[in-house]
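Given only the sequences and the hints, what does the whole structure look like? Please build it.
2 protein chains.
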Amino acid sequence: MHFADALTKATKEKSPVCVGLDPNLQKLPEGISRDPEGMLIFCKGIIDAVKDSACCVKPQLAYFEILGWEGMKVFWETCEYAKENGLLVIADGKRNDIGSTCDAYAEAYLNEESPIDALTVCPYLGTDGIKPFIERCTANEKGIFVLIKTSNPSSGELQDLPIGDEVVHEHMAQIIEGLAAQHIGPETNLSCIGAVVGATYPEELKYLRTLMSHVPFLIPGFGAQGGGKEDVKHGFVPDGTGAVVNSSRGIIFSSSGTDWQDAAGKAAEKMAKELKSLF
Amino acid sequence: MHFADALTKATKEKSPVCVGLDPNLQKLPEGISRDPEGMLIFCKGIIDAVKDSACCVKPQLAYFEILGWEGMKVFWETCEYAKENGLLVIADGKRNDIGSTCDAYAEAYLNEESPIDALTVCPYLGTDGIKPFIERCTANEKGIFVLIKTSNPSSGELQDLPIGDEVVHEHMAQIIEGLAAQHIGPETNLSCIGAVVGATYPEELKYLRTLMSHVPFLIPGFGAQGGGKEDVKHGFVPDGTGAVVNSSRGIIFSSSGTDWQDAAGKAAEKMAKELKSLF
Chain C
0 MHFADALTKA TKEKSPVCVG LDPNLQKLPE GISRDPEGML IFCKGIIDAV
50 KDSACCVKPQ LAYFEILGWE GMKVFWETCE YAKENGLLVI ADGKRNDIGS
100 TCDAYAEAYL NEESPIDALT VCPYLGTDGI KPFIERCTAN EKGIFVLIKT
150 SNPSSGELQD LPIGDEVVHE HMAQIIEGLA AQHIGPETNL SCIGAVVGAT
200 YPEELKYLRT LMSHVPFLIP GFGAQGGGKE DVKHGFVPDG TGAVVNSSRG
250 IIFSSSGTDW QDAAGKAAEK MAKELKSLF
Chain Y
0 MHFADALTKA TKEKSPVCVG LDPNLQKLPE GISRDPEGML IFCKGIIDAV
50 KDSACCVKPQ LAYFEILGWE GMKVFWETCE YAKENGLLVI ADGKRNDIGS
100 TCDAYAEAYL NEESPIDALT VCPYLGTDGI KPFIERCTAN EKGIFVLIKT
150 SNPSSGELQD LPIGDEVVHE HMAQIIEGLA AQHIGPETNL SCIGAVVGAT
200 YPEELKYLRT LMSHVPFLIP GFGAQGGGKE DVKHGFVPDG TGAVVNSSRG
250 IIFSSSGTDW QDAAGKAAEK MAKELKSLF
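Listed in order, the protein sequences are those of chains C and Y.
Numbers 0 to 278, taken from numbering that gives the first Met the number 0, label the letters of the first sequence in order.
Numbers 0 to 278, taken from numbering that gives the first Met the number 0, label the letters of the second sequence in order.
To be clear, the hints were calculated from the coordinates, so they are not data collected in a lab.
A hint or two may mislead.
Partial selection, computed: residues in chain C whose CB lies under 8 Å from chain Y [what the hints assert, rightly or not]:
1. 125
2. 154
3. 187
We put the beta carbon where it would ideally sit given N, CA and C, even for glycine.
Below is the structure:
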């Protein structure tokens, strides 16, 4: 199934909740060892806890790469496990390169056999760094989410620079919309080419939705980073689809005690309920 | 030793040649198997061949990630082997994230025990995505190279956008120079914070050198991508230090036959001679 259609279906069946799998070793709860084995147990436990209320998980590659190749083994096992449990998998790697190197990243994460459904991509290099990913999206029913306006305090240093009557992130949004409109799913009006737009800048989020009408949004910054449900509302298209909202710490580290799994499950359910009440 | 001092020393003792380790499976020479084992044999063979004429190698993470965790095992073994053989190691990962995730990438690649000396970093997220790396550079005598003006055809789509009297990459250059000037090596006038500036835009390279007087340059795009020795000349500081020039395909795939190692060694020597003749 086309990625946008699969995402829309999962959003409707469950919720627009994306659970960020950021298995920060220092924060793993009581009773979980701070090594590859512990990391896998933790990630699988979170997946078990959230699989009925979240539509997708977003494993953050940095936390796996910190354990070298053994961490990468856990990363792939985590992705496989999430897939087996009916979750869409968005690998958060913010990868970016050009030519045959970009092609290597695309093949690494979005090949036909990959348990990963979509990858986050950084656009600093221009469309040379995006097109090889799009080829894999089309061939293998995968997706990408391109960074447009990120949730962090310094995001404006580059992304808000004024160019003529607009700012950098608006310009990038129009480039992405132009590419996205060429790759629409047969059952939705949405593309396999998505955008990352932070919940912490609600005015920009609202305006970017008008600039990128075919683009699914991945919205970070909800919960621990400060974004609330009213902030993310305008990231959706009018029927309540077209966006997934990510929470990492706010769900996975809800409790540092032995009840961590139960607490994560409840936090995901609460967030799902909150978001569904918007539409 | 401070990264800029180590880079300067290696440049003077050997040459400013950086050999890009892009072990593209499809291009591995005759007799090398297209699997993790073959990849490691190839990378070690190239290191043996270039270690006397090049100051550093630049393993490109994408080509290792394509083989999953087994590829990452080869990546770390390659970095260790390069280090043991007296080469500086620049991991080309173009990593970028914020907060504790950025910290995880910094710890993953630039920790105290890491065989990696420097990492390439993408600045789309602003200084939030750079400062955690700088902390590791300072604490562990490591370096970073931040993408400023890249060598690819579409680099201008974002990097050349006009903002007032300047363009995006000039603005980013000034931010990086501001950070770099605070982290100068005791023996050189250069920082542990470097920049990636492509050989394929020689005018920009020349101007960016004036904007970033404390910043070591990593210059890709030499050879196969079209940059020649006169193009890269102005990337150096006047005494012929302050830059390393990368060639990947032009060296490592000089021959697809069984003489690949010999051919790579000769190509690296030739390039070293060319660059040294500039000063």
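Status of the hints after comparison with the structure:
no. : hint : result
1   : 125  : holds (3 Å)
2   : 154  : holds (6 Å)
3   : 187  : violated (28 Å)
Comparing the model with each numbered hint stated earlier shows that hint 3 is the single one that does not hold.
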